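> Here is how the chains run, residue by residue.
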Amino acid sequence: MLGALVHQVFGWRRATAWVSAGSAAVVLAAGITLAVQVGRSGPVTAVAGLLRADALSAFMVLVIGAVGLVATAATPAYFRAEIEAGRATDRTAARHSLLVQLFLATMALAVLAANLGVVWVAVEATTIVTAFLVGQRRTRASVEAAWKYVVICSAGIALALLGTIVLNFAAAHAPGTAGLDLAALAAHAPGLDPGVTRIAIVLLVLGFGTKAGLAPLHAWLPDAHSQAPAPVSALMSGVLLSVAFYAILRVKVISDGALGTGFARTLLTVMALASLALAASLLIGQRDYKRMLAYSSIEHLGLVAFGAAIGSPLALTAALLHVLGHGLAKAVLFLGAGRVLQITGTSRIDGVRGLLASHPAVATTFGFGVLALLGLPPFSLFASELGIVRAGFGAGLGWLTSAALLLVLVIAAALIAGTSRMLLGPPSTSDTAAASRIPVALAGGLLACAVLGVVAGPLPDLLDLATQPPAVTR
Amino acid sequence: MQLLYLACGALLLTAVLVLWRRELSVIIRVFAVQGAALAVLVAVLAAQENSVELWAVAVGVLVLRAGVLPYLLRRALAGAGESRRETRPLVNVSASLLAAAALTLLAYAVSQPLVALAPSAATQAIPVGVTVVLIGFFVLVTRRRALSQLVGFLLMDNGITAVGFLTTTGVGLVVELGVSLDVLLAVLVLQVLTTRMRETFGDTDLDELRELRD
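Top line first, the protein sequences correspond to chains A and B.
As numbered in our numbering, the first sequence has no gaps in its residue numbers, which increase by one up to the final residue, 551.
As numbered in our numbering, the second sequence has no gaps in its residue numbers, which increase by one up to the final residue, 206.
Incorrect hints may appear among the rest.
As the list claims (entries may be wrong) - Label pairs and their calculated CB-CB ranges: (1) D427/A <-> L82/B: 26 to 36 Å; (2) S43/B <-> F470/A: 51 to 61 Å; (3) R67/B <-> T166/A: 26 to 36 Å; (4) T166/A <-> A87/B: 47 to 57 Å; (5) R467/A <-> L180/B: 40 to 50 Å; (6) V107/B <-> G428/A: 56 to 66 Å; (7) G339/A <-> A113/B: 30 to 40 Å; (8) L180/B <-> A171/A: 15 to 25 Å; (9) R172/A <-> V55/B: 25 to 35 Å; (10) G272/A <-> L9/B: 28 to 38 Å; (11) R157/A <-> A93/B: 51 to 61 Å; (12) G339/A <-> L98/B: 18 to 28 Å.
FYI, nobody ran anything at the bench for these hints, they're computed from the structure.
Since we're looking at a predicted model, the values are computed, not measured.
For every residue, glycine included, the Cβ atom is placed at its ideal position computed from N, Cα and C.
Please build the complete structure, drawing on both the sequences and the hints.
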């Protein structure tokens, strides 16, 4: 039933996407209500064997819907400004919205698929769809970014395919299970051959980690995020990374069953701390604000990975909440950055001065977005970061948690320094007359993030269900 | 059985040849041979298992990897013009060959548990597939021309497919189809990008891709 509904929604989306970018927002609202419905009506809905939504999938659909709504709601305004500036035409806008719909559909498929192979296909499909979105502007830099993006992501994800095949091999020789059904694999994980599974897990985590922007193969991320059009950056950073991370979470459950919790924990901790360290070192001297936001995405995914590495229910809940909070805040920020870029024409931090004085609305949104990103109290990132840290100390990973915390502080300092240089001070030019309306979506996204931080809404039940050990949720 | 080992040997040999030769047109021909070897491998397995489905897959592999993909590559190469067909690897040829030897050893070491889980003639050949994957990755990392990187990516994919068929007979039809479709699409995307790159840069030498860095 759910699958049919989902497909209906997608069919409708693709049809309407031609009309205008604006209609996407309406349809995405439908996507959100669908997700909420799934969350309320029950954790497990099995359909046709290929799609299955448990609490974790439902939560991820929610994330996709929420961030997608923010991004697409701001798209018309973005394209209006782009077309006015002669950098885009009606045709590119129409193509853009079609691709974005496809992008959202493939991501939804990735989180709803019941089979690891289908998850892989969907994740790779997101790469292909977004490649065109990244290279949309056809400048030297954006073509280069798109090339890098496809090559690194495809190569990384090819490792995940090898891992999938190896895992399939292990499953075929384990008692009671055959094939790549996620639930069956998780349930029968103890029977898998440890040696073979270890190879598979390393390959899978590395492969999907590439797509999630984690340390060893992250090089595509800052380029792609800084060169893509703002709504696409928002979607990529806000949800695409988390969708890839969702695959890692699924793999981790299998790994925990087959190899004990230690193996995946070590692997993920190393990747998480490496990501944090890398983000910190490159953020300190960062001169480009879109790249600054991109590195901050690496940081936050590192934190989520750390939460997953700790692995206790508290840590997992916090990590999932972090995914949603980061998605919203980062989407708002990238859209805000896109607006700043349109106003000032430069993406260099030192090219932007005194934004607060010249364009108060944009600057306020951007400023609050950065505050949310830093994890200051009213926003949900505060709650989730606190949760991850508490869980870290609780699980006896005190030293590692302290190291992570220290790196987060360094990153926060770097972000504050960069942002304050942009926002404060006297305005550099006197073109204050320029329209500085900010789409309602951005404010809405921030508000949602803040509300989420104060009252977690109807989410706790869903999160509880999502972080149960697999034996309980099936 | 002889034929299986022959096919695996051809896979390995062609992978090394890609490392060795510098003419892009030769590399593409070698790549086509490798695709054919892969198809032979699947066909041998099909004969062993006596499965019609697998025979169909073998034909599919032959068409896609020895026909369509090399054709696309050749077209991209023809579009690139007569000049500068040589690849200029980051690592010179003899060092690459040594690296290939090291990678082969690594592949054998890594795939021990795979062979041990179900020793058979087919699984004995798994390390060859893994070697091809590693060599593909090596090509991807060390080559500078866009087209050579593409070949590296496809080598990886050939290796993965080989491992897939050697371990078990495929991973389910839906996944198999999805994977082939994705590979084809990825190549098409990369081709479009190559064309676009040529429009904006004049050539697809990735040395010129130096604008985005920190």
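> For every hint, state whether the structure bears it out.
Right, here's what the structure says about each hint:
1. In this structure, D427/A and L82/B meet the distance hint of 26 to 36 Å, their C-beta atoms being roughly 34 Å apart.
2. A beta carbon spacing of about 56 Å between S43/B and F470/A agrees with the range 51 to 61 Å that was offered as a hint.
3. Evaluation of the 26 to 36 Å hint for R67/B and T166/A yields a pass: the beta carbon distance comes to about 29 Å.
4. Between T166/A and A87/B the CB atoms are about 49 Å apart, so this pair conforms to the stated range of 47 to 57 Å.
5. Look at R467/A against L180/B: about 48 Å separates their beta carbons, and that is inside 40 to 50 Å.
6. For V107/B and G428/A, the Cβ-Cβ distance of about 58 Å falls inside the hinted range of 56 to 66 Å, so the restraint holds.
7. Between G339/A and A113/B the CB atoms are about 36 Å apart, so this pair conforms to the stated range of 30 to 40 Å.
8. Take L180/B and A171/A: their Cβ atoms lie about 21 Å apart, and the range 15 to 25 Å holds.
9. Restraint check, R172/A to V55/B: a C-beta distance of roughly 31 Å satisfies the suggested window 25 to 35 Å.
10. Separation of G272/A from L9/B is about 32 Å and conforms to the stated range, judged on CB atoms against 28 to 38 Å.
11. Between R157/A and A93/B the CB atoms are about 59 Å apart, so this pair conforms to the stated range of 51 to 61 Å.
12. Between G339/A and L98/B the beta carbon distance is about 25 Å. The supplied range of 18 to 28 Å therefore holds.
Violation of the numbered hints given earlier is absent; every hint is satisfied by the structure.
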